[in-house]
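Asks: Next come the chains, spelled out residue by residue.
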Amino acid sequence: MGLSRLDNLYRQMILEHASHPHHHGTLENADHQLELRNPTCGDVLTVQVVMQAGKVSDVAFSGSGCTISQASASMMTDEVIGKTPIQVEQMVMTFSKMVTGESTKNVEEILGDATILEGVAQFPARIKCATLAWKAIYQAIENGNKESTIGFMRHD
Amino acid sequence: MAKKMNNLSEDFPILQQKVNDEQLVYLDNAATTQKPRAVVEAITNYYYHDNANVHRGVHTLAERATAQFEAVRKKVAHFINASSEEEIIYTKGTTEGLNWIAASYGETFLKPGDEIVISYMEHHSNLVPWQNLAKKKGAVLKYIDLLPDGQLDMDSAYKQITDKTVIVSLAHASNVLGAVNPIAEVTKIAHLHGAIMVVDGAQSTPHMKIDVQALGIDFFAFSGHKLMAPTGIGILWGKSELLDKMPPLEFGGEMIDWVQLQKTTYKKAPWKFEGGTQNIAGVIGLGAAIDYLESIGMENIASYEKTLIANVLPEMLNIQGIEIYGPLDPEKRTGIISFNLKGLHPHDVATALDMEGVAIRAGHHCAQPLMEYLNVAATARASFYVYNTVADGKKLIEAIKATKEFFNNGIV
Numbered sequence: 642m643g644l645s646r647l648d649n650l651y652r653q654m655i656l657e658h659a660s661h662p663h664h665h666g667t668l669e670n671a672d673h674q675l676e677l678r679n680p681t682c683g684d685v686l687t688v689q690v691v692m693q694a695g696k697v698s699d700v701a702f703s704g705s706g707c708t709i710s711q712a713s714a715s716m717m718t719d720e721v722i723g724k725t726p727i728q729v730e731q732m733v734m735t736f737s738k739m740v741t742g743e744s745t746k747n748v749e750e751i752l753g754d755a756t757i758l759e760g761v762a763q764f765p766a767r768i769k770c771a772t773l774a775w776k777a778i779y780q781a782i783e784n785g786n787k788e789s790t791i792g793f794m795r796h797d
Numbered sequence: 002m003a004k005k006m007n008n009l010s011e012d013f014p015i016l017q018q019k020v021n022d023e024q025l026v027y028l029d030n031a032a033t034t035q036k037p038r039a040v041v042e043a044i045t046n047y048y049y050h051d052n053a054n055v056h057r058g059v060h061t062l063a064e065r066a067t068a069q070f071e072a073v074r075k076k077v078a079h080f081i082n083a084s085s086e087e088e089i090i091y092t093k094g095t096t097e098g099l100n101w102i103a104a105s106y107g108e109t110f111l112k113p114g115d116e117i118v119i120s121y122m123e124h125h126s127n128l129v130p131w132q133n134l135a136k137k138k139g140a141v142l143k144y145i146d147l148l149p150d151g152q153l154d155m156d157s158a159y160k161q162i163t164d165k166t167v168i169v170s171l172a173h174a175s176n177v178l179g180a181v182n183p184i185a186e187v188t189k190i191a192h193l194h195g196a197i198m199v200v201d202g203a204q205s206t207p208h209m210k211i212d213v214q215a216l217g218i219d220f221f222a223f224s225g226h227k228l229m230a231p232t233g234i235g236i237l238w239g240k241s242e243l244l245d246k247m248p249p250l251e252f253g254g255e256m257i258d259w260v261q262l263q264k265t266t267y268k269k270a271p272w273k274f275e276g277g278t279q280n281i282a283g284v285i286g287l288g289a290a291i292d293y294l295e296s297i298g299m300e301n302i303a304s305y306e307k308t309l310i311a312n313v314l315p316e317m318l319n320i321q322g323i324e325i326y327g328p329l330d331p332e333k334r335t336g337i338i339s340f341n342l343k344g345l346h347p348h349d350v351a352t353a354l355d356m357e358g359v360a361i362r363a364g365h366h367c368a369q370p371l372m373e374y375l376n377v378a379a380t381a382r383a384s385f386y387v388y389n390t391v392a393d394g395k396k397l398i399e400a401i402k403a404t405k406e407f408f409n410n411g412i413v
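Protein sequence lines correspond, in order, to chains F and W.
Going by the working numbering, the first sequence opens with residue 642, and the numbers climb by one from there.
Going by the working numbering, the second sequence opens with residue 2, and the numbers climb by one from there.
By construction, these hints were calculated from the structure, which means they are not laboratory data.
There could be a bad hint or two in this list.
[Unchecked claim] One-sided excerpt, in silico: chain W residues whose CB lies under 7 Å from chain F:
| id | residue |
| --- | --- |
| 1 | Glu11 |
| 2 | Phe252 |
| 3 | Ala353 |
| 4 | His365 |
| 5 | Ala379 |
| 6 | Asn409 |
Ideal Cβ positions, reconstructed from N, Cα and C, are used throughout, including at glycine.
Model the full structure from these sequences, guided by the hints.
Replies: Right, here's the structure in full:
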């Protein structure tokens with residue numbers, strides 16, 4: 642079999658996002674920010690969010706990580722802009738179900754391009770890499786911290 | 002030599018399988034090792050024929066179980082050259098052994114302002130117990146520096162260990178860098194200042210002859226599962242005169258001498274530390290693992306692994322964009338090779354190697370302060386054992402090259 646099966650995980654679009662991540666950096670006037678650590682690999686990811694009229698108007702992430710965590714963070718930032726906190730929550734839940742192989746409805750409609758990460762479900766050791774950024778934005782918005790705090794990876 | 006090195010893998014049924022349609026090459030031995038048939042059979046035989054609780058029954062099975070349980074204690078004493086089997090305490094692993102030293106010896110003898118000295122290369126199990134103890138006691142935790150190639154900086158050791166130092170605790174061999182520390186030399190410094198010397202032997206005991214008396218140390222802890230024994234069994238060795246002064250930590254059955262309503266007297270060491278029913282099958286398995294290792298010979302294992310690493314390491318170094326952590330001289334290291342590939346995250350590397358049947362570890366290896374010291378988030382780690390071969394090394398190198406190609410070119 643060899644490396645050919647890797648194509649299911651590392652699709653071209655995923656590799657492109659990882660090497661040129663969108664919204665990578667920091668924001669000046671974030672309304673919410675949160676740092677999340679993946680204890681299994683030591684990756685650290687910080688997510689910042691600006692809200693306007695009850696919707697995400699800007700978002701950024703910083704930190705380094707593996708191809709999957711970086712691509713997932715990049716796609717997450719693309720998809721959450723313009724969404725309300727309730728919509729973001731629904732996206733995070735849907736994403737989590739998708740990468741853990743649980744069946745869920747309207748995945749493409751809810752997650753857009755991030756649906757391409759569904760291949761992660763075949764690589765259980767990499768699920769935490771994929772969910773890191775999504776959990777970070779969920780906790781950032783949920784906690785409403787203007788100051789950066791450290792979140793916790795919860796077991797799904 | 003009773004056994005031929007190149008045929009050892011035949012003794013390990015688990016190694017005879019394909020993973021992701023590729024022949025399994027197991028190179029995660031620093032995490033845990035595979036078990037030879039002899040170990041699995043010893044445990045099965047024990048459960049089929051001799052299972053009983055030890056030390057209490059008068060029936061035949063209880064006597065058999067007790068005899069085997071105590072015979073392994075003697076075997077372990079001989080294995081690490083302890084002066085008596087009464088210095089051998091059964092634990093569930095290295096972590097428990099180190100925690101017990103901190104909780105019993107440390108809690109009893111440490112005072113505010115005292116110093117505990119460890120190094121930057123320690124596994125969390127030889128770091129967090131001391132950090133916690135230092136906080137509780139108002140003591141100071143100090144770190145010995147490393148040289149650029151990952152070896153212990155002896156100048157720093159001389160500086161950090163002072164008359165205030167009460168405990169020095171070091172890994173015998175690093176679980177990330179593969180470096181083997183000059184324990185006997187550090188022990189002399191520790192003793193000169195009146196400190197005790199604790200050694201984490203998790204990554205050395207499987208790979209070399211251990212002689213606790215020759216090292217001159219005071220405590221030594223190791224795990225069974227890293228030397229072909231089952232998980233959940235380990236050993237804490239301590240000098241008798243220290244064990245006698247230490248209070249027990251777990252109270253209950255087995256460890257008592259006499260119990261009255263308001264007071265209890267305890268057995269002597271090691272039994273005063275072994276409260277409750279022990280992992281008897283684990284002990285039997287440990288005994289079988291030691292027999293297996295000694296049938297090869299620890300010196301033979303050490304020299305075989307050095308030759309193996311001397312073959313693999315130069316070829317790995319030839320891979321463009323690879324960075325290898327730890328000393329490069331095979332004489333100064335064990336078969337643990339931590340590395341990173343330029344521009345690639347170790348998690349991606351480990352997933353790719355797994356697709357080629359090569360099992361390695363990626364992450365911080367329970368050594369986060371070391372990762373920070375090395376200024377990396379994580380590393381990939383291939384770790385060899387005596388059943389691995391030069392062919393396994395070649396497979397690893399091929400798989401690394403294929404991985405690089407995959408990520409450099411996108412889709413293969």
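Asks: For every hint, state whether the structure bears it out.
Replies: Each hint, compared with the structure:
no.	hint	result
1	Glu11	violated, 25 Å
2	Phe252	violated, 33 Å
3	Ala353	holds, 6 Å
4	His365	holds, 4 Å
5	Ala379	holds, 5 Å
6	Asn409	violated, 10 Å
When each numbered hint is compared with the structure, violations occur for hints 1, 2 and 6.
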